[in-house]
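Protein chains in written order, with full-length UniProt numbering: chain A, 1 to 337; chain B, 1 to 337; chain C, 1 to 337; chain D, 1 to 337.
Keep in mind that the hints were calculated from the coordinates and are not lab data.
Hints are not guaranteed to be accurate.
Copies of the same chain look alike in the list, so a pair counts if it fits in one copy or across any two.
Stated by the list, open to error - Here are the simulated DSBU-like pairs of lysine-lysine, each with C-alpha atoms no more than 30 Å apart in a straight line:
#1 K238 with K83
#2 K83 with K209
#3 K238 with K77
#4 K83 with K200
#5 K3 with K238
#6 K77 with K209
#7 K238 with K2
#8 K310 with K2
#9 K83 with K3
#10 K83 with K2
#11 K209 with K238
#12 K200 with K310
#13 K310 with K3
#14 K2 with K200
#15 K77 with K2
#16 K209 with K310
Computed from a predicted structure; not experimentally measured.
Protein chains: 4
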Amino acid sequence: MKKIAVITSGGDAPGMNACIRAIVLTAYQHGMEVIGFRHGFRGIVEDLNQPLHPNDMRLVSQRGGTILLSSRYPEFKQVSAAKAAAQVLDAHGIGALVVIGGDGSFRGAHHLNQHWYGQVIGVPGTIDNDLAGTDTTIGFTTAVDTAMEAIDRIRETAEAMARVFVIEVMGRHAGFIGLHAAIAGSAEGMLVPELEPQPKLAEIADNIKRARSAFPDSSYIVVVSENLWPGGVSQLAKELTQATGTTCHAAPLGHIQRGGRPNAQDRILSMQLGQAAVHAIIDGASGHMIGVEQGHVVEVPIHLTFERDKPLDLRLVNLQRGLQQLNFASKVGEESA
Amino acid sequence: MKKIAVITSGGDAPGMNACIRAIVLTAYQHGMEVIGFRHGFRGIVEDLNQPLHPNDMRLVSQRGGTILLSSRYPEFKQVSAAKAAAQVLDAHGIGALVVIGGDGSFRGAHHLNQHWYGQVIGVPGTIDNDLAGTDTTIGFTTAVDTAMEAIDRIRETAEAMARVFVIEVMGRHAGFIGLHAAIAGSAEGMLVPELEPQPKLAEIADNIKRARSAFPDSSYIVVVSENLWPGGVSQLAKELTQATGTTCHAAPLGHIQRGGRPNAQDRILSMQLGQAAVHAIIDGASGHMIGVEQGHVVEVPIHLTFERDKPLDLRLVNLQRGLQQLNFASKVGEESA
Amino acid sequence: MKKIAVITSGGDAPGMNACIRAIVLTAYQHGMEVIGFRHGFRGIVEDLNQPLHPNDMRLVSQRGGTILLSSRYPEFKQVSAAKAAAQVLDAHGIGALVVIGGDGSFRGAHHLNQHWYGQVIGVPGTIDNDLAGTDTTIGFTTAVDTAMEAIDRIRETAEAMARVFVIEVMGRHAGFIGLHAAIAGSAEGMLVPELEPQPKLAEIADNIKRARSAFPDSSYIVVVSENLWPGGVSQLAKELTQATGTTCHAAPLGHIQRGGRPNAQDRILSMQLGQAAVHAIIDGASGHMIGVEQGHVVEVPIHLTFERDKPLDLRLVNLQRGLQQLNFASKVGEESA
Amino acid sequence: MKKIAVITSGGDAPGMNACIRAIVLTAYQHGMEVIGFRHGFRGIVEDLNQPLHPNDMRLVSQRGGTILLSSRYPEFKQVSAAKAAAQVLDAHGIGALVVIGGDGSFRGAHHLNQHWYGQVIGVPGTIDNDLAGTDTTIGFTTAVDTAMEAIDRIRETAEAMARVFVIEVMGRHAGFIGLHAAIAGSAEGMLVPELEPQPKLAEIADNIKRARSAFPDSSYIVVVSENLWPGGVSQLAKELTQATGTTCHAAPLGHIQRGGRPNAQDRILSMQLGQAAVHAIIDGASGHMIGVEQGHVVEVPIHLTFERDKPLDLRLVNLQRGLQQLNFASKVGEESA
């Protein structure tokens with residue numbers, strides 16, 4: 001009887017547990033056993049194994065984080081580590097490994113695939129949504145909801161005090177959370193790496209000054225991706241304060257964006273991908289990521305997911321650009337009259 | 001200068017306000033004015049007009065309900081009502097009307113389109129998602145999140161007391177909320193009108209009895225669409241209690257499913273559709289709904305949206321059917337061994 | 001070394017897990033072991049024991065429901081059951097039992113206290129807050145928050161459609177949830193058993209009619225305790241619809257009020273009471289409930305907690321009565337001018 | 001007919017709107033008019049007045065922030081400013097002013113009281129809870145809930161990655177949010193200004209090291225009040241990382257703690273205090289804050305509220321100190337055996 005192994009690797013993302021559940025249930029449906037390794041690739045190398053049974057899956061989909069724990073494990077780049085992992089997997093009689101993770105985890109999966117004879121399947125699990133070959137990733141929409149709720153909260157206090165806020169969201173080097181949270185939060189400004197790799201202070205400051213002069217009693221929120229501004233959002237807020245003469249407050253949202261119960265969309269996506277991953281294993285696939293494009297489950301060579309760039313949806317970019325300048329357009333219109 | 005009118009009609013749905021915001025901002029961007037009528041079609045006939053200005057839109061996207069208010073207005077089926085509405089619209093010099101609503105509202109829009117020379121554009125706003133020609137509708141995913149959160153809560157108490165619950169969700173005559181909430185809530189059973197127009201009590205009872213005998217200490221949740229079981233979910237729970245010998249508790253979720261802040265997905269969708277509705281007006285469209293299919297904004301003749309059936313996504317149906325029977329499969333597996 | 005046992009009994013309440021954590025940690029701090037019995041008194045009789053260790057407590061405070069599971073167990077009224085329980089407790093060498101539960105559970109605790117030589121300590125755990133001798137009970141404020149959030153949601157849709165809603169909240173035969181949720185939800189009406197054991201339809205209907213005629217475009221919400229109106233809230237809504245000529249919608253909130261993560265107040269209260277319960281055991285107390293009055297932890301003979309009535313806070317009653325009639329007072333004021 | 005004025009001043013706090021509602025409704029009940037001034041004391045001086053009518057109060061209690069807007073206005077310390085405010089108040093024929101705010105706002109109220117013949121009443125509105133003479137303040141428990149929810153989220157990711165987090169909460173120079181959030185979040189460590197005005201790095205680091213060596217796979221969370229560690233929580237995390245050899249992550253929660261819908265407790269408290277403020281005005285009080293102590297509404301000379309220190313509840317301090325060291329006590333216990 002075939003044995004499947006599963007790990008969660010890299011930054012945790014809400015929905016990973018629902019994905020594990022679907023993998024375990026579907027595997028058992030097809031007469032296969034499932035073993036988990038705790039803490040990702042490190043857990044394979046160190047043989048931190050844990051049998052996974054349908055019974056253990058009854059109440060996990062609701063929970064954030066990952067019941068299998070995770071870790072970042074750069075040591076896995078070494079050939080010796082991949083070979084050690086292969087040995088452990090073989091010792092357990094495992095025929096296929098599902099890796100739920102992001103960019104770095106998929107590099108690890110690709111690397112392992114070259115040093116192990118078993119099947120390796122990737123499932124996109126990262127709040128950053130920065131994997132090519134899939135429209136969305138496990139945890140992305142929940143992270144956007146979390147960022148949006150934080151922006152909503154800050155909006156209330158910003159409005160009460162007529163303040164300017166510069167809110168930093170996650171995304172490493174991708175602007176997906178930034179773009180979606182900016183639209184959902186009705187932000188007045190947005191800075192994401194794809195659109196403004198080197199944003200100009202003067203331009204941002206001018207927009208703020210114009211809005212403040214037209215609507216001194218209103219809040220103004222700029223959503224900024226992390227890693228974009230040298231010194232981070234605190235530094236940006238400091239420079240903007242100088243440039244505008246108005247105190248600009250920094251609000252880095254930080255790690256709250258990873259946690260929390262997965263929303264319905266992420267749970268459904270996670271279970272779809274988990275089920276499809278097992279089906280792909282049965283079909284003999286290896287070295288592929290299971291993604292979803294335009295509603296359809298797709299299989300994508302895993303190296304393409306991190307070698308290729310994934311562009312922002314230009315229609316959403318235009319939507320935000322159109323709306324953000326219009327928040328204060330009326331006054332401008334009146335002035336020009 | 002062109003004037004656009006906008007109404008929200010039928011049951012309110014979270015995201016309608018974000019849609020109104022996008023319509024108003026985009027219209028002003030293109031030099032057009034916007035007038036709202038309160039309470040849907042009734043408000044046109046009774047001329048309950050209210051000018052909408054970008055300034056009023058600053059803090060509305062976050063809120064559930066609809067700032068334009070809504071109503072059900074069956075009287076609008078009469079030709080005289082449509083003509084009266086046309087007169088009011090003409091008196092205001094309105095060139096185009098955007099109707100945000102569902103099934104019944106689109107029938108009204110179609111009806112008006114035959115008695116008025118202006119452009120009529122529909123935007124799908126209903127938590128039920130029962131409109132053909134669009135993958136999703138404004139409010140649907142928020143309603144699923146709300147239903148899921150309620151199921152999560154009930155799961156906790158059901159688990160503590162090892163109880164069976166029959167949870168009724170909205171959907172009128174469509175199973176979209178039921179299907180999505182059942183998957184997201186890891187429900188053990190699901191009854192939706194498309195799949196089981198006449199569900200058999202014995203079958204549901206058998207499933208419950210089998211699960212209870214294998215796992216007497218576990219909760220068991222069946223998600224049921226409203227209007228499916230004669231007498232409602234209370235009657236179903238009563239009959240199941242008799243048939244199984246186990247108390248089955250009824251939990252109709254009711255109107256909480258309509259309210260609440262829209263999630264990020266619904267806000268983004270709402271703004272996309274609102275912006276596209278104004279663009280469609282500029283392009284001269286009329287008698288169409290603006291929908292979204294596989295990520296693309298589409299224009300669909302409005303009568304097709306309610307004349308055609310919209311099927312459930314079969315892959316999701318299979319996902320739930322696969323997973324729900326597996327929740328308790330292991331024990332069965334052991335028994336068969 | 002002394003051994004403590006702990007059970008959760010009756011309806012589960014958010015915060016029970018935080019209480020268990022505090023009991024276990026505090027007991028270990030004082031060199032005592034803790035054993036849990038699953039499913040309340042039934043679990044003692046059937047010896048469903050489970051050792052509880054500080055390590056198991058690391059992530060439980062956040063969760064609703066009860067990790068020890070619960071049950072209603074009317075059989076425990078029999079002397080034979082109490083004696084059987086005493087035997088099991090003795091067989092484990094248990095010196096003291098903590099019962100986390102409500103009214104019925106405390107009767108059980110009192111009963112056991114008469115048939116067992118060990119110490120019996122009660123901790124008030126019930127969302128209903130219907131125990132004398134303590135200002136609040138574990139789960140009460142979370143249940144009020146949950147009911148309030150549901151009312152907030154219904155308010156949005158009620159406002160959009162200008163509707164009347166009759167919302168049923170839990171409380172068995174006590175109006176605490178009803179009173180607090182009515183204030184927090186800015187309800188226009190409130191019916192709780194302490195104030196209106198036999199509410200008059202005509203009076204409620206008159207209030208609705210007056211409000212509707214002054215503000216036909218506004219929502220109107222009446223909060224009603226369960227078990228108050230014969231036939232429940234659906235029947236009340238039906239009768240009000242007839243009496244007012246306006247459709248009145250029923251919204252029974254049901255079991256969602258039990259579940260959910262405990263709020264901060266309930267977690268803090270639960271840990272305070274759990275810690276104090278262990279301290280009381282060390283001090284030799286028995287047959288007492290650990291409660292909190294005006295910020296102070298108190299010990300109350302357990303039979304008094306269910307023999308005495310616990311009145312509603314009259315100041316809160318007057319607050320709600322003052323505010324609810326004023327929601328629509330201005331118009332009346334204008335009319336009288 | 002008497003006129004009352006109301007302002008919200010200083011940092012906004014969830015519940016301020018519910019308080020405004022209660023003031024307006026209660027005042028009208030007693031035949032008095034209410035005028036609001038936007039942006040606190042500045043709004044009086046600049047006469048940014050806005051009549052407040054019961055009708056406007058129908059849907060405000062649910063919302064965070066303050067519909068009257070607020071501001072910090074240090075200029076009000078000048079006698080000229082107080083006199084200017086007195087003149088504006090007199091010009092409107094206002095007989096009494098209600099100031100909803102914190103420490104600084106009450107200094108302003110006290111100052112005005114010396115330069116104006118009208119009555120001045122304070123209502124404690126600040127998330128920091130740092131006002132003597134009242135057990136709690138408007139917004140405090142909601143802020144604790146918000147901080148706790150953020151800690152819950154971070155706990156999930158911390159647990160998944162076995163990480164140490166140093167979480168900074170608000171409180172200016174008071175540890176109330178820190179203490180309550182630490183208990184509610186089951187934090188392993190807590191640093192608040194009242195208990196550790198100059199916390200020792202070595203001690204914190206030792207605790208972390210001991211826990212990590214006993215439980216390398218577990219998360220570890222320290223809650224720290226803002227303004228406590230020189231350089232903030234980022235600097236503390238850096239120093240702890242060096243001292244422990246384990247990466248310690250900084251998570252400043254920041255401004256999300258101010259926003260959000262008020263919880264039920266804060267709404268009820270706000271309405272109680274608002275109603276009592278109007279009653280106090282009718283009774284002729286001036287120069288007093290309306291607070292709540294042990295469930296009773298009290299009147300406290302306003303200068304005492306900021307001149308006296310308000311101590312933390314020692315029982316809660318002991319609760320947290322007892323529980324936090326016990327999170328990892330068992331292992332220590334085993335080692336000592």
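### Message
As a check of your reading, is K238 near K77 (CA-CA no more than 30 Å) within one copy, between copies, both or neither?
### Response
between (39 Å within a copy, 28 Å between copies)
### Task
First find the shortest C-alpha distance between K2 and K200 inside one copy, then the shortest across copies, and answer within, between, both or neither for a cut-off of 30 Å.
neither (57 Å within a copy, 37 Å between copies)
### Task
State whether the alpha carbon distance between K83 and K209 is at most 30 Å within one copy, between copies, both, or neither.
neither (59 Å within a copy, 33 Å between copies)
### Task
Evaluate K77 and K2 at a C-alpha cut-off of 30 Å and name the case that applies: within, between, both or neither.
Classified as within: same-chain Cα gap 28 Å, cross-chain 53 Å, threshold 30 Å.
### Intra- versus inter-subunit Cα pairing at 30 Å for K83 with K200
neither (48 Å within a copy, 46 Å between copies)
#### Entry: Up to 30 Å CA-CA - K238 versus K209, copy category
within (15 Å within a copy, 36 Å between copies)
### Query
When no copy is named, should K200 and K310 be tagged within, between, both, or neither for a Cα gap of at most 30 Å?
Answer is within: at 24 Å inside a copy they meet the 30 Å cutoff, but 47 Å across does not.
### Task
Give the relationship of K77 and K209 under a CA distance limit of 30 Å: within one copy only, between copies only, both, or neither.
So K77 and K209 pass the 30 Å test across copies only (29 Å; inside, 49 Å).
### Query
Between the shortest in-copy and the shortest cross-copy C-alpha distance, which are at most 30 Å for K238 and K2: within, between, both, or neither?
neither (59 Å within a copy, 44 Å between copies)
### Query
Are the CA atoms of K238 and K83 at most 30 Å apart within a copy, between copies, both, or neither?
This pair counts as neither: shortest intra-copy Cα distance 50 Å, inter-copy 36 Å.
### Query
Should K83 paired with K2 be assigned to within, between, both, or neither, using CA atoms and 30 Å as the limit?
Intra 21 Å, inter 52 Å, cutoff 30 Å: intra-copy only.
### Query
Using 30 Å as the alpha-carbon threshold, which applies to K310 and K3: within, between, both, or neither?
For K310 and K3, neither the intra-copy (34 Å) nor the inter-copy (40 Å) Cα distance is at most 30 Å.
Hint check: violations occur at hints 1, 2, 4, 5, 7, 8, 13, 14 and 16; the rest are consistent with the structure.
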